[in-house]
Structure formats: C-alpha cells, structure tokens
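In order, the protein sequence lines correspond to chains W and V.
Numbering of the first sequence is given in this note's numbering, commencing with residue 1 and proceeding in unit increments.
Numbering of the second sequence is given in this note's numbering, commencing with residue 1 and proceeding in unit increments.
Since the hints were made in silico from the structure, they are not lab data.
The beta carbon of each residue, even a glycine, is placed where N, CA and C say it ideally should be.
A hint or two may mislead.
[Unchecked claim] If you only want the chain W side, here are some residues facing chain V, beta carbon under 7 Å, derived:
| id | residue |
| --- | --- |
| 1 | Pro103 |
| 2 | Gly107 |
| 3 | Gly109 |
[Stated by the list, open to error] With a Cα cut of at most 27 Å, we get these calculated BS3-like pairs of lysine-lysine:
| id | chain 1 | residue 1 | chain 2 | residue 2 |
| --- | --- | --- | --- | --- |
| 4 | W | Lys11 | W | Lys57 |
| 5 | W | Lys57 | V | Lys42 |
| 6 | V | Lys56 | V | Lys68 |
| 7 | V | Lys42 | W | Lys11 |
| 8 | V | Lys71 | V | Lys56 |
| 9 | V | Lys56 | W | Lys14 |
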Amino acid sequence: DTGVSQDPRHKITKRGQNVTFRCDPISEHNRLYWYRQTLGQGPEFLTYFQNEAQLEKSRLLSDRFSAERPKGSFSTLEIQRTEQGDSAMYLCASSLGTGKNSPLHFGNGTRLTVT
Amino acid sequence: GESVGLHLPTLSVQEGDNSIINCAYSNSASDYFIWYKQESGKGPQFIIDIRSNMDKRQGQRVTVLLNKTVKHLSLQIAATQPGDSAVYFCAENTPPVNYGQNFVFGPGTRLSVLP
Numbered sequence: 001d002t003g004v005s006q007d008p009r010h011k012i013t014k015r016g017q018n019v020t021f022r023c024d025p026i027s028e029h030n031r032l033y034w035y036r037q038t039l040g041q042g043p044e045f046l047t048y049f050q051n052e053a054q055l056e057k058s059r060l061l062s063d064r065f066s067a068e069r070p071k072g073s074f075s076t077l078e079i080q081r082t083e084q085g086d087s088a089m090y091l092c093a094s095s096l097g098t099g100k101n102s103p104l105h106f107g108n109g110t111r112l113t114v115t
Numbered sequence: 001g002e003s004v005g006l007h008l009p010t011l012s013v014q015e016g017d018n019s020i021i022n023c024a025y026s027n028s029a030s031d032y033f034i035w036y037k038q039e040s041g042k043g044p045q046f047i048i049d050i051r052s053n054m055d056k057r058q059g060q061r062v063t064v065l066l067n068k069t070v071k072h073l074s075l076q077i078a079a080t081q082p083g084d085s086a087v088y089f090c091a092e093n094t095p096p097v098n099y100g101q102n103f104v105f106g107p108g109t110r111l112s113v114l115p
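Isolated chain W, as found in the complex (with noise of 0.2 Å):
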C-alpha cells in the first residue's frame, strides 16, 4: 500500500491526558496537511509542512496541539490536557509540491474520542 498511513485508526483517551497521532505520507511527498473533521462536516485545516519546515497553522491550533515533522517524513500530531472539544476524526493529507497547486492524498485517518 503507497497511500498515506495513519496511526492508530481509532483512540479512546479521558479528559485530560496527552494523545499522540502519527501520519506516514506518500513517500516522494514533500508536502504534509492535518485537517480536523468533525461529524456532518467537512474537514478543517490544521496545519502544513514542506518538508519539515511548519509554514501555516490555523488559529484552530491551540497551544495545546503541536505538530512535528522532524526528518521531512513522517508526523506526530501531538494533543495535550485532551477536552471532550477535541473529539473529532484527524486526517493526514500529503501532495508533492512541484507546483503551487497539487492535489491532496489524505489518509484513513485518527478517530479520537475524549471521554
């Protein structure tokens, strides 16, 4: 399988603890997306690396989420002090920027519910 791997599929934490996601993009991908996506609606962006250099983040991100990617290859998500807010599907998208506009390859992605 070459598409965008997400792990793991499915997360159940309790209000409070720390919760880590990662994405494995397609491998000749230099650009990497979180999105946030929750029921009814369509996905929200996160955040987005070129390589391993973060270049956005929406004002979405709180302090409590940080996003990693450190050789330019894999992510972590990270979410800290999780709230019952934070449930929600997080999807990993990649696409190789050869040009400004390229399409998005999202993952499975992280179902997380915060109980």
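On the provided structure of chain W, position chain V as indicated by the hints.
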C-alpha cells in the same frame, strides 16, 4: 470569513441516472478546486480537480464545471452506480498563500443511489 458551501445537503438518484452535485464558493480569488468522495470510515478520496483558467474538465464518468461569473462549481456523475453512494465535498484553494496551499472544504453532500 469566506467559505465554500453546498446547495443540497442530500441527493437521491436512481441507479443509472446522472447525478449533479453543486457547490457555491464566495472567494472570487480562488484559483484551484477539487472534488472529493468520502465513504464511511475512510478519508476523502480525490476525484477530479480544475484550475480557474478552465471551465470544464472531464474524467472517467465524471465532469467538473466551473462558472467563475457566479462562483459555482458542479460535479456531474454519469450513469450513477451503487458504489457512488458517499459524501462529496468540494474544496477551494484559499489565497493568499505564501508557500503552499490551504484548502477550505464545504460541509458536503450525501449522495444516495437507489436500486
């Protein structure tokens, strides 16, 4: 802020008929648009894209039409099949973008194919 929206939240069509899913966007400076299909429990799957210098683009059984005058995007699916049942999102590239791209997604339209 400006966002992408959809005219119809749900659409039911008979198998074999053609489907048309509509999308209105409000940012006249958007220059790149993508249609995604999302099945239950999966991430969005790329269907087709179109740049703002085009009015129409065709793929396999799908056609995207872009009307920049009224800021309208549509996805036409020919000979709709049961496997086409899913939620469809349109996404626009929101300028200004310094380095890459930040797609804004609409809330989605659920397509149900009736036997």
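* When the nearest CB of chain V is found for proline 103 (chain W), is that gap smaller than 7 Å? -> 5 Å, holds
* With a cut-off of 27 Å on the C-alpha distance, tell me whether lysine 56 (chain V) and lysine 14 (chain W) pass. => 49 Å, violated
* Asked: Holds or violated: are the alpha carbons of lysine 42 (chain V) and lysine 11 (chain W) at most 27 Å from each other?
  -> Distance ~16 Å between lysine 42 (chain V) and lysine 11 (chain W) Cα, so the pair holds.
* Would you check the hint for lysine 57 (chain W) and lysine 42 (chain V), treating anything up to 27 Å between C-alpha atoms as holding? => Holds, at about 24 Å.
* **Proposed proximity, lysine 57 (chain W) with lysine 11 (chain W) (alpha carbon, max 27 Å)** => 24 Å, holds
* Under the criterion of a CB-CB separation shorter than 7 Å, is glycine 109 (chain W) in contact with chain V as hinted? -> 5 Å, holds
* **lysine 71 (chain V) paired with lysine 56 (chain V) [C-alpha distance capped at 27 Å]** => Holds: lysine 71 (chain V) and lysine 56 (chain V) sit about 14 Å apart, inside 27 Å.
* **Given pair status - lysine 68 (chain V), lysine 56 (chain V), alpha carbons within 27 Å** => Given that 27 Å is the threshold and the Cα spacing comes to 11 Å, the pair holds.
* With a cut-off of 7 Å, does the beta carbon of glycine 107 (chain W) approach a beta carbon of chain V closely enough for the hint to hold? -> 5 Å, holds
Comparing the model with each numbered hint stated earlier shows that hint 9 is the single one that does not hold.
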